[in-house]
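Produce the complete structure using the sequences and hints provided.
Below are the chains, spelled out letter by letter.
Protein chains: 4
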Amino acid sequence: MKLAMIGLGRMGGNMARRLMAAGHEIVAFDRDADAVAKLAAEGAIAATSLDDVRAKLEQPAHWWIMLPAGEITDATIDAIAAGAQPGEVVIDGGNSFYKDDIRRAKALKERGLDYVDVGTSGGVWGRERGYCMMIGGPEEVVARLDPVFAALAPGMGTIDRTQGRLDGQTDPRAEQGYIHAGPAGAGHFVKMVHNGIEYGLMQAYAEGFDILKGKASDKLPEDERYDLNLTDVAEVWRRGSVISSWLLDLIALGLAKDAKLEQFSGHVADSGEGRWTVDAAMEEAVPAHVLTTALFARYRSRVENTFGDKMLSAMRFGFGGHVEIPQ
Amino acid sequence: MKLAMIGLGRMGGNMARRLMAAGHEIVAFDRDADAVAKLAAEGAIAATSLDDVRAKLEQPAHWWIMLPAGEITDATIDAIAAGAQPGEVVIDGGNSFYKDDIRRAKALKERGLDYVDVGTSGGVWGRERGYCMMIGGPEEVVARLDPVFAALAPGMGTIDRTQGRLDGQTDPRAEQGYIHAGPAGAGHFVKMVHNGIEYGLMQAYAEGFDILKGKASDKLPEDERYDLNLTDVAEVWRRGSVISSWLLDLIALGLAKDAKLEQFSGHVADSGEGRWTVDAAMEEAVPAHVLTTALFARYRSRVENTFGDKMLSAMRFGFGGHVEIPQ
Amino acid sequence: MKLAMIGLGRMGGNMARRLMAAGHEIVAFDRDADAVAKLAAEGAIAATSLDDVRAKLEQPAHWWIMLPAGEITDATIDAIAAGAQPGEVVIDGGNSFYKDDIRRAKALKERGLDYVDVGTSGGVWGRERGYCMMIGGPEEVVARLDPVFAALAPGMGTIDRTQGRLDGQTDPRAEQGYIHAGPAGAGHFVKMVHNGIEYGLMQAYAEGFDILKGKASDKLPEDERYDLNLTDVAEVWRRGSVISSWLLDLIALGLAKDAKLEQFSGHVADSGEGRWTVDAAMEEAVPAHVLTTALFARYRSRVENTFGDKMLSAMRFGFGGHVEIPQ
Amino acid sequence: MKLAMIGLGRMGGNMARRLMAAGHEIVAFDRDADAVAKLAAEGAIAATSLDDVRAKLEQPAHWWIMLPAGEITDATIDAIAAGAQPGEVVIDGGNSFYKDDIRRAKALKERGLDYVDVGTSGGVWGRERGYCMMIGGPEEVVARLDPVFAALAPGMGTIDRTQGRLDGQTDPRAEQGYIHAGPAGAGHFVKMVHNGIEYGLMQAYAEGFDILKGKASDKLPEDERYDLNLTDVAEVWRRGSVISSWLLDLIALGLAKDAKLEQFSGHVADSGEGRWTVDAAMEEAVPAHVLTTALFARYRSRVENTFGDKMLSAMRFGFGGHVEIPQ
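Residue numbers (the numbering used here), protein chains in the order written: chain V, 3 to 329; chain X, 3 to 329; chain E, 3 to 329; chain W, 3 to 329.
Calculated from the structure, these hints are not laboratory results.
Computed from a predicted model, the values in this text were never measured in an experiment.
Be aware that one or more of the hints could be misleading.
Treat identical chains as interchangeable: a pair holds within one or across any two.
Said to hold, decoys possible - Once the Cα atoms are required to be at most 25 Å apart in a straight line, the calculated DSS-like pairs of lysine-lysine come out as: (1) K111 to K101; (2) K40 to K4; (3) K58 to K101; (4) K40 to K58.
Structural data, given as C-alpha cells:
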C-alpha cells in the first residue's frame with residue numbers, strides 16, 4: 003500500500019527501504035532534504051512538505067511517523083491533524099510514552115482521525131532481520147495496515163515454533179513478529195516493559211562479567227585467582243547454555259573485537275523507557291527490584307562520587323574518628 | 003575412549019548415552035542397580051562396585067562423576083582415590099563449589115592423581131542439544147579428554163559464528179561449546195557465575211511480566227488499563243527483539259501450555275550457585291545488585307510475611323496510631 | 003494570632019490544641035459538627051461553614067488546612083479562594099505532593115492570595131513533643147506566621163545543640179524544630195524526602211531483626227544457632243550504640259508489649275511520599291537503591307506470590323525438569 | 003576487679019580509662035611501650051610481656067583483648083592459652099567474626115579456659131558516653147564480670163525507659179546498655195547485625211540528602227528547583243521528626259562544619275561486619291535487600307567505572323549503533 007514515512011533517520015530510512023523492498027510505495031519526508039533525495043534515489047516518492055505528502059498519498063492517508071523525541075512528534079502530529087481529512091491515520095513508530103498515545107488518540111478521534119502506536123525493537127539490525135513490533139490502536143485500522151506490519155516484521159524465519167500454541171487463543175501474527183497488543187498506548191506500553199526487561203538483562207550480564215574479571219585480582223588467595231578469557235566465556239555460553247540470548251551474541255561480538263572494551267567510557271545513558279517502566283511498577287505496586295536497580299546502575303555509572311558517598315564518609319568520621327578498631 | 007560414568011541420574015544417564023552415541027565406551031555405575039541395568043541394555047558396560055569399575059577400565063582410568071550433592075561427591079572421590087593407581091583422573095561434572103575443587107585437586111595431586119572440574123549447562127535438553135561445558139584442570143589432562151568433551155558439546159550447529167574472533171587469542175573449542183577456563187575450580191567458577199547471571203535474567207523477565215499483568219488492574223484509570231495476552235507478548239519478543247533468548251523461548255513455551263501458570267506455586271528454590279556468586283562478588287568487592295536481588299526475590303517467594311514486615315507495621319503503629327493524615 | 007483550622011481529625015485537632023495552649027485563637031471547622039463542638043468545648047471558636055470561618059477571622063485571613071487527601075484539599079482551597087479577599091493566606095499542613103503546591107501557589111497568586119506548604123513530622127506524638135515542620139512559601143508570609151510555627155514546633159528542649167553551627171549561614175529556626183526551606187513546594191518536598199528516608203531506615207531495622215530472628219533456625223548447625231531475646235537487643239541498642247534512633251525507641255516499645263509482634267499482619271501500607279521520592283530520584287537521575295528497595299519490600303509484603311514468581315518456577319521446570327542435578 | 007587490657011589503641015586505651023575511673027585495676031600491655039607508659043601515668047599497672055601481665059594479675063586471670071584484626075587476636079589468644087592456668091578467662095572486645103568465637107571457645111574449653119566475646123558500639127564517643135555491649139559466653143563467667151561491664155556501659159542516663167518491659171522476661175542489664183545475648187559468638191553476632199543495620203541506615207540518609215541536593219539541578223524545570231540548605235534540613239530533622247537518630251546528629255555536626263563535605267573523597271570503606279551480615283542473611287535465606295545494597299553502594303563508591311559499565315555501553319553500541327531513535 004501507499005504510506006508516508008515522516009522522519010528518515012536511520013530507523014525511518016531503513017523501515018522505508020524494507021517496505022519498498024516488499025512492494026509498498028513510500029512518500030518520504032524529512033526536514034533534511036538530502037535524506038529525502040537519498041531515499042528518492044532508492045525508489046521513494048519525494049515530498050517537500052507535509053501538504054505535499056498529503057497530495058501524493060491516497061485518501062484516507064496513512065502517516066508513519068518516525069521521529070526522535072516526543073515534542074517533535076507531537077508538533078508533527080498537530081500539523082498533520084490541522085490539514086487532515088476524516089479517516090486519515092497517524093502511526094507513531096517512535097518511542098513515545100504510552101500515556102501520550104492515549105492523549106493523542108483521544109484528541110485525533112475528536113477530529114475523526116485514527117491513531118496507531120507501534121513499539122519497535124530490532125535497532126540497526128532491523129532492516130535485515132525485520133522489526134519486532136508491538137501495536138496499539140483500533141482493531142480495524144490495525145487490520146487494514148497488516149500488509150505494512152507483515153513487511154516490516156521478521157516473519158517466522160528459522161526460529162523454532164513454540165509447541166502448544168493454541169489456535170483461537172493466540173494471535174497468529176505473534177509468530178510473524180508482531181502483535182496487536184490492545185487499544186491506544188498498548189503497543190508502546192509493551193515496548194516500554196520490553197526495554198525495562200532489557201535493562202535488567204544487560205545489567206545481569208554486566209555484573210556477571212564483572213565478577214569473572216575481578217577473579218584475577220591479586221587481593222585474592224593465589225590459588226583462587228583465575229585470569230579468565232572473557233571472549234571465550236561469552237562465546238561458549240552462546241552454545242547450548244541456559245543463558246544464551248541475542249544480547250549475549252552482542253557481548254561475544256564486542257569482546258571479540260576488543261577484549262578489554264577500552265573504547266567505551268562506561269558512562270551509560272538511559273532512555274525514557276527504563277524510567278517509565280519503574281513508574282508503571284510503582285503505579286501498580288509491583289516490586290521491580292531488578293529493573294529499578296539496573297536503571298540506578300546506569301545513573302551511578304555517570305557520576306564519580308555522589309554527595310551521599312561523602313556523607314557516608316562524614317558519618318564514619320563522626321563516630322569512628324581514627325580509631326584502631328573501626329566500628 | 004573408555005570412561006567410567008558414576009551416577010546415572012537424568013544428567014549422568016543422558017551424558018552416557020550421548021557419549022556412547024559418539025562411539026565412546028562407558029563403564030556405568032550407580033547405587034541403583036536398575037539404573038545400571040537400564041543403561042547396560044543401551045550398550046554400556048555394567049559395573050557392580052567402584053572396584054569393578056576400575057577392573058573394567060584401562061589404566062590410567064578416567065572417572066566421570068555425576069552426583070547430586072557435594073558430600074556424596076566427596077565420599078565417592080575419596081573411595082576412588084583410596085584404590086587408585088597413579089595417573090588416574092577424576093572428573094567432577096556436577097555442581098560443586100569451586101573451592102571444593104581446589105581442595106580436591108590438591109589432595110589428589112599428592113597421591114599422583116589428576117582432577118578435572120566441569121561445569122555443565124543445558125539441563126534436560128542437553129542430550130539432544132549437547133552440553134555447554136566450562137572446564138578447569140591441568141592443560142594436558144583436559145587435552146587428553148578432548149574427544150569426550152567434543153562428543154558431549156553441542157558443536158557449532160546452526161548458531162552463527164561471532165565475527166572477528168582472532169586465531170591465537172581465542173580458544174577454538176569455545177565455538178564448539180566448551181572451554182578450558184583455567185586451573186582447578188575455574189570450570190565450576192565460570193559455571194557458578196553463569197548461574198548467577200541466569201538468576202538475574204530470570205528475575206528481569208519475571209518482573210517485566212508482572213508489570214504487564216498488573217496493567218489490567220481495576221485500580222488504574224480505565225483508559226490506562228490493558229488486558230494483555232502474555233502468551234503472545236512472549237512469542238513476539240522471540241522474533242527480532244533485543245531481548246530474545248533461550249529463557250524467553252521457555253517462557254513462551256510455558257505460557258502456551260498454561261497462560262496463567264496456575265500449576266506453579268511460585269515458591270522458587272535456589273541452588274548453591276546463586277549464593278556462591280554473591281559470596282564471590284563480596285570477596286571481590288564487586289557491586290552485584292541485580293544478581294543479589296534476584297536471589298533475595300527467591301527467598302521472599304518462599305515465605306508469606308516476614309518478622310521484619312510485622313516490625314514495619316509495629317513502627318507505623320508506633321508513630322502514626324490511627325491518625326487521619328498518615329505519616 | 004487568629005487562625006482558622008480546617009479539618010479537625012487527629013492531626014488538625016491536636017495542632018489546634020497545641021496552638022491554643024500557646025495563646026493563639028482558633029476558628030475551627032470540620033464537616034463533622036461533633037468534632038467542631040468538641041474543640042469549641044476546649045476553647046476554640048466554632049464555625050459552621052467556610053463563610054462563617056471567614057466572618058470570624060480578621061483580614062487578611064489565615065487558613066490552616068489539615069485534610070487527609072489531595073482532592074479534598076484542592077476542593078477546599080478552591081472554595082476558600084472563591085470568596086477570598088486579597089492578601090488572605092492558605093496554609094496546607096497535610097501531605098500534599100509538592101508539584102501540587104507549585105500549581106496551587108501560582109493559581110492563588112493570580113488572585114492576590116498567598117500559599118504556604120508545611121510538611122509536618124511527629125505523628126500522634128506531636129501534640130506533646132511538638133511538630134517538626136518544613137515550610138515552603140513567600141519569605142514575608144512565613145515570617146508573619148512565625149508565632150504559629152514557633153508554637154507548634156518542639157523548641158530546643160533537651161536535645162543537644164549541634165556544635166559549630168554558624169550564625170548567618172544557618173537558620174536559627176532549625177534549632178527550634180522548623181525551617182523555611184524555600185519557595186512554594188519546598189516544604190513538602192523536604193518532608194517527602196524525609197519520608198523516603200524513613201522507609202529506608204525502617205527497612206534496615208526490619209531486615210536486621212529478621213536476620214537475628216532467623217538465627218534460631220534449626221536448619222543451621224547447632225552451635226551456630228542463637229535464640230536471641232529481641233526485646234533486649236532493641237533495648238540495649240538504644241543505649242550508647244551508633245544505631246540509636248527514635249524509630250528504634252518505637253521498636254523497643256513494640257517488642258516490650260508483644261515480643262512476637264503477633265498482632266500485626268505484616269501487610270505494610272505505603273503512602274504517596276515513598277513513591278514520590280523515587281520519582282524525584284528518577285527525575286534527578288540519582289541512584290536511590292535503598293529508598294526504592296524499601297518501598298518495593300512493602301509492595302511485596304502485601305501479596306503472597308506474584309505471577310513473576312510462578313514464571314520463575316515455569317522457567318526452572320522448562321530447563322530443569324525433574325533432573326537429579328538441578329541447574 | 004583486676005583485669006588485663008591487651009591492646010591500648012584508642013578503643014582499648016579509653017576502655018581502660020573508663021574502667022579505672024570506676025575503680026577497677028588495669029594491668030596494661032601493648033607492643034608499643036609508649037602506649038603502656040602513657041596509661042601507667044594515668045594509673046594503670048604497666049606490664050612488659052604477657053607473662054608479666056599474668057604475674058601481675060590474680061588467679062583466675064581475666065584478659066580483655068582489644069586488637070585491630072582477627073589474626074593478631076588469634077595469635078595473642080594462643081600465646082595466652084599456652085601459659086594459662088585452668089579457669090583463666092579471655093574476653094575478646096574487638097570485632098571478631100562470630101564463627102571464630104565459636105571455634106576459639108571450643109579450643110579454650112578443652113584446656114579448661116573460658117572465652118567471652120563482646121561486641122562494642124560507641125566508637126570514639128564511648129569513653130564519655132559509655133559503650134553499648136553485646137556479650138556472648140558462659141552465664142556464670144559473664145555474671146562474674148558484671149562489675150566490668152557495668153562500668154563500661156553507659157547506664158540508664160537521661161534516656162527514657164521503654165514502657166511495658168516485663169520483669170522476668172527481659173534482662174535488666176539491657177537498660178544499662180549491655181546484654182548477655184547467648185553462648186559463644188552471640189555477642190559478636192548481634193554486633194555484626196548491628197553494623198549491618200548501620201550500613202542500611204547510613205545509606206538511607208545518604209540517598210535522601212543526594213535527592214535533596216540534586217533538586218538544585220538546572221536540568222529541572224525552573225519552578226521545581228530548590229537550593230536547599232542541607233545544614234538546616236539535618237538540624238530540623240533532629241527535632242521532633244520520625245527520623246531523628248544519633249547518626250543524624252552526626253550528619254548535622256558534619257554539615258555544620260562543612261556544608262559541602264568537600265574534605266571527604268567519598269571513597270567509602272567497609273569493614274567485615276557488613277559482608278558477614280549478608281553472609282548470615284544468605285545462610286538463613288532471609289532477603290536483605292537494603293543491607294546488601296548499602297554494602298554494594300560502598301563498593302561502587304570506590305571505583306570509577308566498572309568493566310560491567312563498559313559492557314553495557316558495548317551492548318548498546320551493538321544493537322543501537324548511532325540510530326536516531328535509541329532503543
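Verification of the supplied hints:
1. K111 to K101: Within one copy only: 15 Å inside a chain, 30 Å across chains, cut-off 25 Å.
2. K40 to K4: within (19 Å within a copy, 65 Å between copies)
3. K58 to K101: Classified as neither: same-chain Cα gap 32 Å, cross-chain 46 Å, threshold 25 Å.
4. K40 to K58: within (18 Å within a copy, 74 Å between copies)
Checked against the numbered hints above, the structure violates only hint 3.
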